[in-house]
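Use the sequences and the hints to build the structure in full.
Which chain is which? The protein sequence lines are A and B, in order. Counting along the first sequence from 1, when you hit position 213 you're at 220 in the working numbering, and nothing is skipped either side. Counting along the second sequence from 1, when you hit position 29 you're at 32 in the working numbering, and nothing is skipped either side.
Pairs of lysine-lysine residues, derived as DSBU-like cross-links and limited to a Cα-Cα distance of at most 30 Å, are as follows:
1. A:K278 to A:K311
2. B:K85 to A:K104
3. A:K96 to B:K8
No lab work stands behind these hints, which were simulated from the structure alone.
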Amino acid sequence: MAAITPQHSFEGDLFAQPLRSNTGNLLQVTEPDYKAFIPPNSLRRMSRLLKMGLTAAQQCLRDSSLGVPGAIITGTGKGSLQDTERFLKDIRQYGEKALNPTPFIQSTYNAVNGMIAVAQQCTTYNNTFVHRGFSFEHALLDSILQLQEGAPHTLTGALDEMSEEHFYIKSRIGYWKKEPVDNVQLYNTLSPGTIAGEGAVFFSLSATPTAHTYAHITGLKLLYKPAVAGISAGLSAFLQEQQLAVEDISLVITGRNGDSNFEHFYTELDKVLGTVPQLPFKHLCGEYETSGAFAVWLAAHIMKAQQLPQQWFPMQADFPAAGFQRILIYNHFFGEQHTFVLLER
Amino acid sequence: MEALKQTLKQQIIEALNLQDTKPEDIDDKAPLFGEGLGLDSIDSLELMVLLERHYQIKVEDPREGRKILQSVQSMAEFIQSKQPA
Numbered sequence: 008m009a010a011i012t013p014q015h016s017f018e019g020d021l022f023a024q025p026l027r028s029n030t031g032n033l034l035q036v037t038e039p040d041y042k043a044f045i046p047p048n049s050l051r052r053m054s055r056l057l058k059m060g061l062t063a064a065q066q067c068l069r070d071s072s073l074g075v076p077g078a079i080i081t082g083t084g085k086g087s088l089q090d091t092e093r094f095l096k097d098i099r100q101y102g103e104k105a106l107n108p109t110p111f112i113q114s115t116y117n118a119v120n121g122m123i124a125v126a127q128q129c130t131t132y133n134n135t136f137v138h139r140g141f142s143f144e145h146a147l148l149d150s151i152l153q154l155q156e157g158a159p160h161t162l163t164g165a166l167d168e169m170s171e172e173h174f175y176i177k178s179r180i181g182y183w184k185k186e187p188v189d190n191v192q193l194y195n196t197l198s199p200g201t202i203a204g205e206g207a208v209f210f211s212l213s214a215t216p217t218a219h220t221y222a223h224i225t226g227l228k229l230l231y232k233p234a235v236a237g238i239s240a241g242l243s244a245f246l247q248e249q250q251l252a253v254e255d256i257s258l259v260i261t262g263r264n265g266d267s268n269f270e271h272f273y274t275e276l277d278k279v280l281g282t283v284p285q286l287p288f289k290h291l292c293g294e295y296e297t298s299g300a301f302a303v304w305l306a307a308h309i310m311k312a313q314q315l316p317q318q319w320f321p322m323q324a325d326f327p328a329a330g331f332q333r334i335l336i337y338n339h340f341f342g343e344q345h346t347f348v349l350l351e352r
Numbered sequence: 004m005e006a007l008k009q010t011l012k013q014q015i016i017e018a019l020n021l022q023d024t025k026p027e028d029i030d031d032k033a034p035l036f037g038e039g040l041g042l043d044s045i046d047s048l049e050l051m052v053l054l055e056r057h058y059q060i061k062v063e064d065p066r067e068g069r070k071i072l073q074s075v076q077s078m079a080e081f082i083q084s085k086q087p088a
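What follows is the structure, encoded as structure tokens:
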């Protein structure tokens with residue numbers, strides 16, 4: 008796995024990294040030194056998201072030691088916003104003439120996939136899903152299907168960036184909180200809107216465990232625009248499909264984000280979960296279409312290390328004891344795309 | 004001509020984001036592609052766009068473009084040949 012996120016997640020010991028706090032309602036990634044991963048002649052042309060995506064993918068492949076991937080599958084909500092904005096501005100400024108090809112090429116959603124494939128000389132299955140809040144989860148689902156059909160392993164990832172302009176546009180339609188909020192205090196400020204985020208997270212998935220395996224992904228359920236009661240019913244059905252009881256879940260990682268417009272989904276979930284320990288993750292990465300990948304990355308780390316990065320959760324009064332056999336992730340994107348992902352040891 | 008070449012070098016550095024290159028690092032007659040700056044085919048498209056944006060010169064024939072984009076010298080000569088006397 009590899010993750011470039013607003014936290015210090017890319018290098019070093021995750022459990023020793025301090026929490027990054029921010030009060031601007033936008034969590035931007037901590038960027039690594041890309042020169043160690045991308046040749047200078049390619050780097051100069053790449054926009055931010057491409058650098059993030061390609062670097063996270065390369066680091067993930069190094070981490071897994073699995074070699075050239077059997078499939079490259081990603082999800083993104085918006086692709087490279089920086090290139091899209093540049094291309095659109097050029098169209099306006101130069102009257103649809105003298106347009107630079109690079110921002111157009113890089114604004115396509117599958118640009119990162121193509122670059123990974125070229126860098127790895129990988130000619131296998133290559134697909135990008137752009138399904139708003141289901142983008143990463145559909146990449147995950149496709150990866151599972153590819154593995155079931157015989158792919159030896161897949162490189163599966165998610166990437167999204169937030170630009171200043173896009174942040175402003177979304178703030179005008181109420182996506183973000185009006186008042187500046189410290190991300191550490193996110194859950195104490197229940198009001199309309201949340202904080203924005205971004206990130207690039209990649210996983211090497213294989214059908215059989217290896218010495219580098221962090222966790223097993225054993226369940227995935229997607230619900231589109233469910234009624235509030237559909238969340239508890241959906242979770243019960245999901246657990247039944249997995250032949251599990253609520254008590255079998257060691258920890259639930261939720262996408263709670265301080266947005267009063269959608270808090271009722273989490274309150275509904277609380278009714279089913281009872282006393283099962285919960286941890287939120289949006290104060291770490293912010294809200295974006297593929298933030299579910301951050302949750303999977305976090306859960307996999309917890310599962311492998313059998314410990315929590317407690318320094319990242321100063322709002323928690325106490326923590327569950329180790330012994331994480333199953334971690335459930337529940338997330339949704341502004342009340343529309345709801346996802347359950349189950350990880351096992 | 005000298006002033007044009009200096010301006011052109013600066014414009015090439017900016018357009019292609021050649022971060023560690025300074026105008027004085029670019030030899031007037033050194034090839035821009037392959038050797039020299041080591042530019043590639045996408046760079047050639049960006050240089051075409053540069054000519055159109057800054058000098059209002061549109062290169063229609065790709066074969067002609069290959070000759071024009073050989074070096075800073077050839078680019079400057081081409082620009083000068085298109086400018087009104």
